[in-house]
Each structure stands twice: as C-alpha cells, then as structure tokens.
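Student: Next come the chains, spelled out residue by residue.
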Amino acid sequence: MKTAFSIRNVEFKNRVLVASGTFGYGDEVKELVDVAGLGGIVTKSLSWKPRDGNPPRRIAETPSGMLNSIGLANVGVHAFIEKKLPYLRTLDTTIVVNIAASSFDEYCDVLRLLDEQEGIDAFEINVSCPNVKEGGLSFGADCSKTAEMTARLRALTEKPLIIKLTPNVTHVSEFAKAVEDSGADAISLINTLIGMAVDIKTRKPKLSTVTGGLSGPAIRPIALAKVYEAAQVVDIPVIGIGGISSAEDAIEFLLVGASAVQVGTANFIDPTTGVQVAQGIEAYCRQSGLKDAGELVGALDANVEFSVLQSWL
Amino acid sequence: MKTAFSIRNVEFKNRVLVASGTFGYGDEVKELVDVAGLGGIVTKSLSWKPRDGNPPRRIAETPSGMLNSIGLANVGVHAFIEKKLPYLRTLDTTIVVNIAASSFDEYCDVLRLLDEQEGIDAFEINVSCPNVKEGGLSFGADCSKTAEMTARLRALTEKPLIIKLTPNVTHVSEFAKAVEDSGADAISLINTLIGMAVDIKTRKPKLSTVTGGLSGPAIRPIALAKVYEAAQVVDIPVIGIGGISSAEDAIEFLLVGASAVQVGTANFIDPTTGVQVAQGIEAYCRQSGLKDAGELVGALDANVEFSVLQSWL
Amino acid sequence: MRLQDVRIVSREQRAEGLFALSLDAREIARMTRPGQFLNIRIDHETSPLLRRPFSVSRVEGDTLEILFNVVGRGTEILAGKRVGDELNILGPLGVPFRVEGEYDLAVIVAGGLGVAPFPLLTGALRKGRKKVQSFLGARTAAHLTEKYLVNVHVATDDGSLGFRGTVVQLLEEFWNTEKPAKAKIFGCGPTRMMKALSDFAGSKDIECELSLEGEMACGIGICQGCPVERASGEKKYSLVCVEGPTFNSRDVILG
Amino acid sequence: MRLQDVRIVSREQRAEGLFALSLDAREIARMTRPGQFLNIRIDHETSPLLRRPFSVSRVEGDTLEILFNVVGRGTEILAGKRVGDELNILGPLGVPFRVEGEYDLAVIVAGGLGVAPFPLLTGALRKGRKKVQSFLGARTAAHLTEKYLVNVHVATDDGSLGFRGTVVQLLEEFWNTEKPAKAKIFGCGPTRMMKALSDFAGSKDIECELSLEGEMACGIGICQGCPVERASGEKKYSLVCVEGPTFNSRDVILG
Ligand SMILES: Cc1cc2nc3c(=O)[nH]c(=O)nc-3n(C[C@H](O)[C@H](O)[C@H](O)COP(=O)(O)OP(=O)(O)OC[C@H]3O[C@@H](n4cnc5c(N)ncnc54)[C@H](O)[C@@H]3O)c2cc1C
Ligand SMILES: Cc1cc2nc3c(=O)[nH]c(=O)nc-3n(C[C@H](O)[C@H](O)[C@H](O)COP(=O)(O)OP(=O)(O)OC[C@H]3O[C@@H](n4cnc5c(N)ncnc54)[C@H](O)[C@@H]3O)c2cc1C
Ligand SMILES: Cc1cc2nc3c(=O)[nH]c(=O)nc-3n(C[C@H](O)[C@H](O)[C@H](O)COP(=O)(O)O)c2cc1C
Ligand SMILES: Cc1cc2nc3c(=O)[nH]c(=O)nc-3n(C[C@H](O)[C@H](O)[C@H](O)COP(=O)(O)O)c2cc1C
Ligand code: FES
Ligand code: FES
Chain A
1 MKTAFSIRNV EFKNRVLVAS GTFGYGDEVK ELVDVAGLGG IVTKSLSWKP RDGNPPRRIA
61 ETPSGMLNSI GLANVGVHAF IEKKLPYLRT LDTTIVVNIA ASSFDEYCDV LRLLDEQEGI
121 DAFEINVSCP NVKEGGLSFG ADCSKTAEMT ARLRALTEKP LIIKLTPNVT HVSEFAKAVE
181 DSGADAISLI NTLIGMAVDI KTRKPKLSTV TGGLSGPAIR PIALAKVYEA AQVVDIPVIG
241 IGGISSAEDA IEFLLVGASA VQVGTANFID PTTGVQVAQG IEAYCRQSGL KDAGELVGAL
301 DANVEFSVLQ SWL
Chain B
314 MKTAFSIRNV EFKNRVLVAS GTFGYGDEVK ELVDVAGLGG IVTKSLSWKP RDGNPPRRIA
374 ETPSGMLNSI GLANVGVHAF IEKKLPYLRT LDTTIVVNIA ASSFDEYCDV LRLLDEQEGI
434 DAFEINVSCP NVKEGGLSFG ADCSKTAEMT ARLRALTEKP LIIKLTPNVT HVSEFAKAVE
494 DSGADAISLI NTLIGMAVDI KTRKPKLSTV TGGLSGPAIR PIALAKVYEA AQVVDIPVIG
554 IGGISSAEDA IEFLLVGASA VQVGTANFID PTTGVQVAQG IEAYCRQSGL KDAGELVGAL
614 DANVEFSVLQ SWL
Chain C
627 MRLQDVRIVS REQRAEGLFA LSLDAREIAR MTRPGQFLNI RIDHETSPLL RRPFSVSRVE
687 GDTLEILFNV VGRGTEILAG KRVGDELNIL GPLGVPFRVE GEYDLAVIVA GGLGVAPFPL
747 LTGALRKGRK KVQSFLGART AAHLTEKYLV NVHVATDDGS LGFRGTVVQL LEEFWNTEKP
807 AKAKIFGCGP TRMMKALSDF AGSKDIECEL SLEGEMACGI GICQGCPVER ASGEKKYSLV
867 CVEGPTFNSR DVILG
Chain D
882 MRLQDVRIVS REQRAEGLFA LSLDAREIAR MTRPGQFLNI RIDHETSPLL RRPFSVSRVE
942 GDTLEILFNV VGRGTEILAG KRVGDELNIL GPLGVPFRVE GEYDLAVIVA GGLGVAPFPL
1002 LTGALRKGRK KVQSFLGART AAHLTEKYLV NVHVATDDGS LGFRGTVVQL LEEFWNTEKP
1062 AKAKIFGCGP TRMMKALSDF AGSKDIECEL SLEGEMACGI GICQGCPVER ASGEKKYSLV
1122 CVEGPTFNSR DVILG
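Protein chains in written order, with our numbering: chain A, 1 to 313; chain B, 314 to 626; chain C, 627 to 881; chain D, 882 to 1136.
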C-alpha cells in the first residue's frame, strides 16, 4: 500500500504532517513521539529576529476549540539554525520550515538564509501575520500582495514552496489560484479563524490581544469547506488543516481534495495524534482495498453544480 | 432594573430574542415556552412563494455545533399572513419578521405586503441567501448590493429595519457601515458560517447541498469577534448572534458592543433557553448593582489600539 | 409535551450492544402513546450537542423504557449511564401509531432496533382485541431481543436463528402460506427495509404504517431538519418529527 | 515523561468542593518529584477540549494522588469520576522544587489549593533532614485541609480558624517573633498571594521558590501558551510548563 506523496521534487513518506506552532521544533516531544511515523514536521513560524511573543494571557479554551494569541514567539532564524536545525536533521521525516515575517524583505531574507542550510526539505509561508509596513493588516487578506510575495519567494528557492492561506477572507479560492499562478508548489489551509472571548467577571478580553486565532475540532467544518473550495480551482497539491484529530477527520479532507493534511491543536491533547492518524488512514485504505492513499484525494462523490453557491439556511 | 431597549420607535421588553429559523413561527413550542419572557421572536425567513426547502439530509452534527441546509423552507408570505400571523399577534412579545428572497424585487414585494399587516413590529432582512439573478451568489457577500437593497427597503417602511449580515466576508465592518449609511435602524450578526462534513463510509457530503451553514457554541468566538468589529464602526444598535446558550454567553456579546442578542441553535436543545438567558442577564445586572442592562453594552475593558489588527499566532 | 429531568431506575443489556433504560417520568409516561418518541439530552457538554431521539419501548406505571443500540458517541455515552443518573428528556413527541381500525390481525415487522416501539404497541393492540403476529429481523441471533413481543417469527442475515434472509422475505412466505385477511402491518427499521416492506404492502394492497428514523435536531418542528418526501399533495416534504414518525406507507416516498 | 491510561483507585472529599483522587500509575509515580504536575485528559469528548494540569500531591508506591478544587466544568467532571474509571494522564511534567541547599528550615506557604504539592514536598524535606513549618491560608475553615502536612499554622479570611487575615501576614508575624535563620520558603497559591509572598521574601532577602499556576494548553512546551515574565535575561518570558512551574521568586515578575 503506497502512502507516500511528493511536492515538487520532495517525497513525504505519508500524507500526515504536524502543523506549525503545534509541535515546537520537534525536540520537545522526543520522549513521547516517534516522528518516523509522520509524513513531515512543520516548524513553528520563524522570523529574522527572535520574537518574545504576546503578553499573557495567550490561550483560552472555547467549545471544542481554543483561542491563541502567541504572537509568533520564536527563537529567530539564527538560533534556529544553530540550536534547532541540528536535531531536526537527525529525524527520519521530512522537515518543512515555516516562515512568518512583517515585511516582504524580511520574508526574503529569512528564506534566503534558510535555503543555504542543510536538512531543510521545504518551506511553508505563513501569510496571516501582520504587515507592519501596511499598518498591521496581514498580507494574507490581500490577494495581490500574497501573489506578489509568492513570486518573489519563488525566485529565491528551488525547494518546494507551500503558501499557507488564511481563512479570514470572502473567497479563499481567489487566493489559491493567485498563488498557484505565482509559482507556489502547494497551498496549505486553513490557518486560524479570528475569534474572541471575554471574561465576564473582569469584563476584559480573555486574551491580552483582545482577538486571537480559533483552532481545534470546532473549526473543522469551516476548514473542510475552504479546502474543498480551494481544491476546485487549483492543480497544485492542497494541504488540509483544521480540527483534525482522527483518521476519519483526515480522510474527510482527502476526499474533498486535499493531497495531505496537518494535525495542529490535537497535538496539545496527544502529541502522538499525527502518527495515529497516519496509521488510521493506512488501515482505512487497506480495508477499502486501495493500492495508494492517493486514490482518496478528491474522491468525494458529490455533484459540484449543487455546491458552494447553494443556499443553506 | 431596566431590561427594555428600543430600535427606532419599537420597544423590546428585554435584550434577548430568538433567532430566525430556530423558533418556527412561535406556535410549535407553545406547550413549552412562555414567550412573554422573551424580548422578541424573529420568524423563519419568508419568501413570496412557499419554499419546499432542500432535499434530505438537511442537518449534521459537528463538534459543539451543527451544519444545516434547510433551503429556506417556509410557508410563503401569504400563508404566513393567513395562518401564522394571527397567532403571533396574540403573543405578549415583540414580533420581528425575517425576509429572505432571491431578487431585489421579491424582497420589496414581500416587505410591502407585510408592512400593511397588523401585528408586525419590525423587519429583519436575511441577505445571505442566493440571488438567483446574480447566479446564486448571495447579496450578502457584495457590499454595494447589500447597501442598495437596504436603501430600497428603507424607502418602503417606517418600521424598524434590521439588516442581518453574513460572517462569510473579509471585513464585516465595511458591510455594517454601508448598511448604516443606507438607512438601516440596526444590524444583526452573525448568520451561519459556510461549512461542510463528509460521510467517509459513503464518501458523500453529509448534506444534500454539499456545504451548509455552521451554527452553535463552536462558532461563538468567531461571532463575538465579528460583532466586536462591527460595533466599533456603527452607531446604530448591533444585535449579536452566534452560539449563545447561556446568560454568560449573552453578556460577552453585550460587553463587546451588542445592544441585544438572539438565541438560535440552543433552542433545539432547549426551547426555553432564550427565557433563561433573559432571566440570567437580569440576575447578573442586579448582582452587579446596575440600574439598566444597557450599562453592559460596550462596557468591555480593553484597549482598542491593541485589537483586531494584532497578530495572534 | 414536557421537558423534564428524570432519573434512571434500571439499566439492562438485552443483546449485543443493545441496552434498555427505564426512566422515572410520571407525567410523560402517562401521556405517551405507542409509536411516540423522546428526545434525550445525552449530557450537559456542548458535544454531543443535539438531543438524540428514541422511541418509547414500554410504559410501566410511571416508568418509561427505551431500548437502544450503541452506534456512535451519543449512544455510547448513554450506555455508560448508571442507575440513579439523571437525564433531561423532551416528550412524548410525534404522531402515534393508529391502533383503531377495521383490521383483525396486526402484523409487526421490525428490523434491528426497529423493534423498539413494538412492546408498547403490542400491549395496545391486545387491549384493542387485535390478533398479533411479530416478525423480527436481525444480523445474528446475538443482536436479537424478543422480550415483550408475542407470536414471534425470526429472520437473521446469517441464519444463526430462524429464517435465513431478510424479515420481509420471511413475511412474504408467511403471507403466501397463511393468506391473512383484514390485516394491518406496523413496520419499523432501517430505511432500506422500510422501502422493501412498503413495496410489499403496496403490491398486496395491505394497509401499512411505518415508523421512520432519520437525523433530527429539535424533534418538535422548529428546525425543518427532518424532511421525508410525500407521495402526493402540494407540499413536497413532511417533517418526520411532527407529522411522523409514523406514516401510512402510501403517503411517503422512501429514498 | 509518559502518556498513559490509569485507573482511579480511590476518591475522597477532603473539604468543601475539594477532592482527592488516587491513580494507579506505576511508571509515572516512580519518576515524579515534588513540585511536578500531571496534565490530565478529563474525558474523550471534544469539550472540554484541553487537558487540565494538576500538581502531584502524594506518591504512595505505585499510586499518585491529586488534590483539586471544583472551579469549572473540567474539575466538575473530574469530581464526578468514580473508583475504577480510567483517566489518560501525561507526566510527570515541569521542574521540581529544589530540596537540596544550605538551609535548615523549610517554610511552606500555601493559599487555597496551593496546598496540593506540599504533602509530597514535606516527605522529601524530612528525608533531607530539614525542619518544616507549614502556613496554610483559606477562605474559611471548611475550605482547609492539613492532611499530610506538619507544624501547621492556619490563617482564614473570616477567622473561622486560626489567624484572621492572609497567610502572608501570618508568616510575617511568625518571622518577626521567631526570626528564623537559614530558612527557605516554598510557596504555592493564587497569583495575588504569590506576589505578596515574593515581595516579603525579597524585602527580607529570604530564598523563596514559588510554584505558579496559569492556563496551559499542552503542558510540554510546544504551544508557547504559558508565559511568565522574567526578571532578567535577554528572553522576556519563561514558559511555566517546562521552565517552571517552580521558579525562584527573584527570577519572575508576577502580573
Ligand atoms: C423518531 C426516532 C426514533 C428512534 N428510536 C430509536 C430507538 O428506539 N432505539 C435506537 O437505538 N435508535 C433509535 N433511533 C435512532 C437513534 O436516534 C440514533 O441511533 C442515535 O441518535 C445515534 O446517536 P449517536 O450519537 O450514537 O450516533 P451518531 O454519532 O450521531 O451517528 C452514528 C451513526 O448513526 C447514524 N444515525 C445518527 N442519528 C440517527 C438517527 N436519528 N436515525 C438513524 N441513524 C442515525 C449516523 O448516520 C451514523 O452513521 C431513533 C431515531 C428517530 C429519528
Ligand atoms: C502547573 C499547575 C498545577 C496545578 N495544580 C493544581 C492542583 O493541584 N489542584 C487544583 O485544584 N488546581 C490546580 N491547578 C489549577 C487547575 O489546573 C485549574 O483549576 C483547572 O484547570 C480548572 O479547570 P476547569 O475546567 O474546572 O475550570 P475552567 O472552566 O477551565 O476555568 C474555571 C475558572 O478557573 C480558572 N482557571 C482555569 N485554568 C486555570 C489554571 N490552569 N490555573 C488557575 N486558574 C485556572 C479560569 O480562569 C476560570 O476562572 C494547577 C494549574 C497549573 C498550571
Ligand atoms: C497555539 C498555536 C500556535 C500556532 N502557531 C502557528 C505558527 O506559528 N505559524 C502558523 O503558520 N500557524 C500556526 N498555528 C496555526 C496551526 O498551524 C493551524 O493552521 C491551525 O491551528 C488550524 O489547525 P488545528 O485546528 O488542527 O489546530 C498555530 C496554532 C495554534 C493553536
Ligand atoms: C436550522 C437553522 C435554520 C436557520 N434558518 C434561518 C433563516 O431562515 N433565516 C435566517 O436569517 N437565519 C437562519 N438561521 C441562522 C440563525 O438565525 C443564526 O443566525 C445562526 O444559527 C447563528 O446563531 P446560533 O449559533 O445561535 O444558531 C438558521 C439557523 C439554523 C441552525
Ligand atoms: S427535527 Fe426539527 S423539525 Fe423535525
Ligand atoms: S502549556 Fe504549552 S508551552 Fe506551556
């Protein structure tokens, strides 16, 4: 049974990765998880300089979900290369480094520096973080800027370039198409949805940043619809993310057109979730008599006319 | 302790209404609920002709939420006036009739006919249903169309006009401002979020329409952020909707700037939820020594600079 | 129709993955008629969010009994409840079976958990002086419960008990040999079986009432979530929760 | 660090809304040091979604004991668990208290549920031949448990038992009368109290270790969700779950 798949020239041993910001840099969980069972690890977003992140409180639980406002706390690209990459190199899985910056130039500088390093297989670009130059509005909500950045980064690397899209836009398919046309090798979605929670005792927002990013099982139906919408319009691989905590969840994403998935928040409840999901998909394929998990990709039995445009109330 | 509030010239006895499509036309639950405890009832969306609605399967449960694809099944405006309105007139609460049509003209025709009727206190306009003329894309995702429709409907009635906004857009605040400028007396949000679920046994979408509308506690953090965003930019009352099932939930919405709330999905679990929420808000106000529940509206203790534009990952 | 917290007074496993719970629910017990159901809140978490509908299987004085299969998370949690635990229930809901009528023989046909409503119906039929014959279908003998039923004929998919095949095939054999007159069929079970039963009744022009299952959110007609296609009339759909769950097989089109 | 399903072997209510659960958790029990915690999966629903962190209160052979207060939904569900139920736990987590050191007297200061980690610490201190004095603060006598602690001095907000006032005020009195030398403070409790304690220790230049609480998602350093501000160094925050929960009071700034 074939579980592997490729993006550009890089092979992933199976279709389950762990999502950026939910698995650290891999070393934190070495006692608990055999990462050889993962298709890949996506690192926490890296910026040029280290980032302290936002003040507490950074997380709040919500019904079947959680809000976070980490503020892209990360060690910075130099410390990453020095302290984290050596360990990641030793791991028997594909390493995807996620980049998040606050200006075009910073994105380019970080990618250029990382592209020279040994042991990085692919890049994922987090476009849903604030563009300081643009007054804090994220690139991710501006289609032409996202496309422009994709083109600039494309020119800088031969490695697979995955653009991670924000769901906080009206038509994610426009963004998907735009980054495909600008040379991205794959897209991944969804990043977190803007959300908020209030402590009615103190009348203060629970998060220090007022709003935060919603993740977890609660958002899975939204993520699935966004992935389905994006997969309709692009030919490059789509990586589905959002509330996945079981093989069944992951298979839903494959069926609507995702070539692979990432497991995020579920790692906080059980860091071995990704490995279990990969095993579960394999078992499902065997039971269904498939030769290649790829046969599931886009195998949804639905008539598409009768789709996203439909009224649902 | 004052619980009442007004929109335009109409008073609601408290700040808790039941949401469109989640309380029928009021008669279905008469054995269970004393609606005199509600600030108001919003009817199921009405169209000119009766609508059969979508084929089964119309609902699917998701983590802390549900997807629906009812297809605006409704008796049509004429049967409503004949069979449903007489009962609604007898109720000791404010009656808001919700309208959903598939063209500008149909919206106007339905409102014109209803405006002549006895016993209707206000209108809520559901703009998130497909505009057949525009190829099924909902008005709700087009800011100028939403504004144009608001202006046309405004010209037809002296009654409070509430525009119900869809959350499936990048910046809901643009829509809020636009409808305020076009003469709306209030806005309500959020309607359901586009979502999807797949049955991996049959490989078919769970809903007959592929995608549907997500509601329930799962979406509350998203709804709260959207209401907060909208309330920052308009002076007209904002009615908060989304995953409310307790007084605590409702108070979060009031604190971020909602003048009132609507309870939706929670009615399916317990149709008395709205009444309980209203009582709970009153109790909270008494404990906090407030003279008027209105003191809670927008009383969030947050520094707004540090807000929606912030990075949250 | 009442909404109330009730206590579990007994719990029993009747067959493989099949449990019976008795609930002390005075008012609701008094109001319940055969074929009606309860919408049960599994617990107070937001997940599982919605109530779960279950037919009332028996009424004994103030207690109601439900009979259910573990098919997913909700029924799994329900099966884990213990005597003394409380449940919030809404009921009785839906249109009961029509027991009165010009027939002498009531033929009960149940597939799998479709057996649930029939103990209560059997009692009512016998009060109504009807003869009763019961046909039960199940995957294997282990999945079967005949408790509180009379004149039971069994069909199992694997032949581990009684007739090997579907319960509708067994019913046809019975009909061809016994040629019953003035009979009425009461059926409940998986949709595929309901369809076969309805076709059989139609071909033989036998009066037939079906109790339908399907996803529900509210159970009381306010969500429009439970349509079944109608055979006639200007309305295209009926709502299973308030216009059913019992329907004359002639009035509905099963997908 | 292990992730395992363990069985509840005993359950006891120790005070108002305060419960103790013992878990049969061989490997984890062996590895646990005073001040470390477990991250416990309350149940297998998606809501409550996240694990809940609890200090290990005692270790008896293969069993671990946790002591907790019902403050919300998760602890409410946990309090409803029964002997024989299983829990999935992750642990031991965090940096233990530093028991070794140049002090003779260990002064334990606990506010409310801050008492949880100290039975285990007390045992270790006495093995280490340290004298121990324990100061407990609670809202009322009903909220208090002294079990497994030694030389206990009590303060209650309402004066229903012992000193009327905060436990830190009581500690100051003790210090002014006893003037202990070569002492080290171990504190755990609400943030406000930790701040007062840290100020007291600073003013008297007493070595002081605090065990901090705060929301956590993962408990193992992968979510960055549990920052506490550092007093010095180029890094602005430390992570409570992996760099704590025990900190030298000089190293952190409490909000
Ligand atoms: C009027 C009515 C009466 C019913 N009476 C009984 C009864 O007496 N005993 C009994 O065991 N069951 C009965 N059912 C079915 C029962 O409601 C479902 O088995 C239950 O809701 C499943 O919940 P779950 O969380 O365990 O499964 P879920 O996790 O919700 O679903 C698991 C599987 O069960 C299927 N399922 C879910 N809901 C239903 C449903 N309403 N009907 C059929 N399949 C469903 C799902 O499609 C899925 O394949 C009745 C249903 C209705 C509508
Ligand atoms: C390292 C560590 C060790 C802990 N040890 C213990 C212990 O031994 N005994 C014990 O009773 N509690 C302990 N706590 C606190 C315990 O984790 C919380 O009380 C628990 O998570 C609350 O869960 P809940 O679902 O009942 O409350 P929630 O519904 O999650 O919250 C209810 C209230 O409790 C507050 N709260 C939630 N989580 C925490 C938290 N982590 N710390 C403080 N307040 C919180 C919330 O702000 C809210 O006001 C510890 C916390 C940490 C971080
Ligand atoms: C605590 C936390 C931190 C995250 N940090 C990042 C990050 O640094 N970069 C990024 O691209 N996405 C980040 N994400 C988003 C996740 O990678 C993922 O896209 C999102 O959480 C949805 O998936 P999930 O529901 O499985 O968690 C973070 C999510 C969480 C919950
Ligand atoms: C089954 C169902 C039917 C609905 N029908 C309508 C409708 O006819 N018109 C409308 O404006 N909103 C409709 N809604 C949306 C609700 O009014 C509400 O905006 C949304 O569900 C979010 O609130 P909630 O999370 O409290 O349910 C419907 C929602 C549900 C779940
Ligand atoms: S289940 Fe809601 S209308 Fe039938
Ligand atoms: S709780 Fe996740 S890093 Fe500390």
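Do not take every clue at face value.
Partial list, computed: chain C residues near chain B (C-beta under 7 Å) [to be verified]: (1) Gly706; (2) Gln759; (3) Glu841; (4) Pro853.
Don't read these hints as lab results, they were simulated from the structure.
Virtual Cβ for every residue (Gly too), placed ideally from N, Cα, C.
Student: Each hint needs a verdict: does it hold in this structure or not?
Tutor: Hint check:
1. Annotation: glycine 706/C was flagged as interfacial toward chain B, and the flag is violated, the nearest CB pair being 19 Å apart, outside 7 Å.
2. A cut of 7 Å between beta carbons decides the hint on glutamine 759/C: the least distance to chain B is about 32 Å, and the hint is violated.
3. Here the hint on glutamate 841/C is kept, as its CB sits about 6 Å from the closest CB of chain B, short of 7 Å.
4. Nearest Cβ of chain B to the Cβ of proline 853/C: about 5 Å, under the 7 Å cut. The hint holds.
Violated hints, listed in ascending order, are 1 and 2; each of the other numbered hints is respected by the structure.
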